[in-house]
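Visitor: Based on the sequences and whatever the hints tell you, model everything.
Chain order of the listed sequences is A and B.
Note that the first sequence ends on residue 166 in our numbering; no numbers are left out.
Note that the second sequence ends on residue 166 in our numbering; no numbers are left out.
Quick caveat, the hints were computed from the structure, so don't treat them as lab data.
Mixed in with the good hints there might be a few duds.
For chains that are exact copies, the list does not tell them apart, and a pair is met inside one copy or across any two.
Claimed, not checked - Subject to a maximum C-alpha distance of 25 Å in a straight line, what follows is the list of computed DSS-like cross-link-like pairs (lysine-lysine): (1) K92 <-> K160; (2) K151 <-> K79; (3) K91 <-> K151; (4) K160 <-> K25; (5) K91 <-> K160; (6) K151 <-> K42; (7) K20 <-> K79; (8) K151 <-> K63; (9) K20 <-> K151; (10) K92 <-> K151; (11) K92 <-> K20; (12) K25 <-> K92.
Protein chains: 2
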Amino acid sequence: MDSALIKEIVDKYLNLTFSIERNGGQLIKCQMGNDMTNDQHYILRYINQKEGCTSSELADVFNVNKSAITAIIDRLEKKGFIQRTRDEQDRRVVYLTLTDVGRELFYETELRIHQLVSSFIEQFEPDEIERFIQTYEKLNQIILAAKDEMLGE
Amino acid sequence: MDSALIKEIVDKYLNLTFSIERNGGQLIKCQMGNDMTNDQHYILRYINQKEGCTSSELADVFNVNKSAITAIIDRLEKKGFIQRTRDEQDRRVVYLTLTDVGRELFYETELRIHQLVSSFIEQFEPDEIERFIQTYEKLNQIILAAKDEMLGE
DNA sequence: CAGTAACAGTTAATCTGTTGAACTATTTTA
DNA sequence: TAAAATAGTTCAACAGATTAACTGTTACTG
Numbered sequence: 014m015d016s017a018l019i020k021e022i023v024d025k026y027l028n029l030t031f032s033i034e035r036n037g038g039q040l041i042k043c044q045m046g047n048d049m050t051n052d053q054h055y056i057l058r059y060i061n062q063k064e065g066c067t068s069s070e071l072a073d074v075f076n077v078n079k080s081a082i083t084a085i086i087d088r089l090e091k092k093g094f095i096q097r098t099r100d101e102q103d104r105r106v107v108y109l110t111l112t113d114v115g116r117e118l119f120y121e122t123e124l125r126i127h128q129l130v131s132s133f134i135e136q137f138e139p140d141e142i143e144r145f146i147q148t149y150e151k152l153n154q155i156i157l158a159a160k161d162e163m164l165g166e
Numbered sequence: 014m015d016s017a018l019i020k021e022i023v024d025k026y027l028n029l030t031f032s033i034e035r036n037g038g039q040l041i042k043c044q045m046g047n048d049m050t051n052d053q054h055y056i057l058r059y060i061n062q063k064e065g066c067t068s069s070e071l072a073d074v075f076n077v078n079k080s081a082i083t084a085i086i087d088r089l090e091k092k093g094f095i096q097r098t099r100d101e102q103d104r105r106v107v108y109l110t111l112t113d114v115g116r117e118l119f120y121e122t123e124l125r126i127h128q129l130v131s132s133f134i135e136q137f138e139p140d141e142i143e144r145f146i147q148t149y150e151k152l153n154q155i156i157l158a159a160k161d162e163m164l165g166e
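Guide: What follows is the structure, given as structure tokens:
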């Protein structure tokens with residue numbers, strides 16, 4: 014591919030990504046209850062999907078230090094949305110699970126987010142959206158591979 | 014479209030967006046010089062693209078309060094990458110421009126980012142990437158429209 | 001088996017980004 | 001000309017992140 018064309022595509026990609034991240038994030042935020050941040054909701058989502066996990070796993074998935082996770086979990090535990098349970102086999106490990114209150118709040122918010130994103134998706138032809146998701150998935154794989162390569166497995 | 018299918022697509026979209034945002038952001042961060050954050054670089058990029066702008070414009074584009082912009086600009090000015098210039102016509106207005114040092118640092122970093130993203134783009138067929146960007150652009154328009162509608166315009 | 005490595009998680013200090021309210025200074029407008 | 005609107009700043013408070021030092025627990029090794 015022509016290098017000037019690539020430059021143009023990269024520029025477009027960067028600007029679009031920026032705009033979608035910022036404005037999409039803002040719209041998601043509007044779906045949040047009053048004392049919940051986007052990041053906190055994503056943490057709840059991950060724990061819910063996995064039906065429990067550890068801080069180290071979250072730190073890995075969220076690409077941050079474990080101490081950052083400790084801070085977020087502290088806040089969510091204080092609000093009563095998350096429970097810490099020490100593993101009796103390996104007492105270093107702490108399992109994180111949603112409380113009933115946490116799970117309920119999560120589902121409510123997640124429903125609103127789904128309705129929002131559905132309203133976007135429905136504006137596309139099924140064909141177009143399928144192709145988009147396919148490429149998006151491939152992009153994700155490429156980024157993950159680049160990360161593994163740069164930061165060493 | 015079938016509603017179960019839509020739900021699946023929305024789920025995929027949310028998970029992919031999360032992963033790409035987090036991991037892509039991490040890779041971008043690796044391209045940064047030592048005392049520069051991603052957000053700070055995006056501010057420099059916007060000012061560079063527009064060849065100068067105001068705090069209010071940045072607040073609008075970045076979707077944050079003006080006081081958040083003041084804080085970021087303070088840091089960038091302290092580091093000598095940005096200049097504030099009062100408008101002589103309307104003395105309420107402050108124009109923001111890059112200093113020579115700021116512009117140079119910006120170009121260096123931006124080049125590394127372009128090389129990184131190019132290495133992603135080059136792994137796709139031109140066709141595929143073009144279709145992707147088209148849909149991505151449409152998605153951005155939809156999000157901007159939703160924002161205008163929700164937050165009143 | 002004792003002693004050291006490695007691991008999971010926490011704490012504390014410090015920084016960046018963000019909000020919201022109150023404020024200053026300067027136009028605009030009615 | 002007085003009131004309203006606008007551009008930007010200040011301040012207090014909080015969320016998220018990093019780094020380094022630390023606790024407690026488990027695994028490894030000579």
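Visitor: Which hint numbers doesn't this structure obey?
Guide: Numbers 1, 2, 3, 5, 7, 10, 11 and 12 - these are the hints that the structure violates, sorted from lowest upward.
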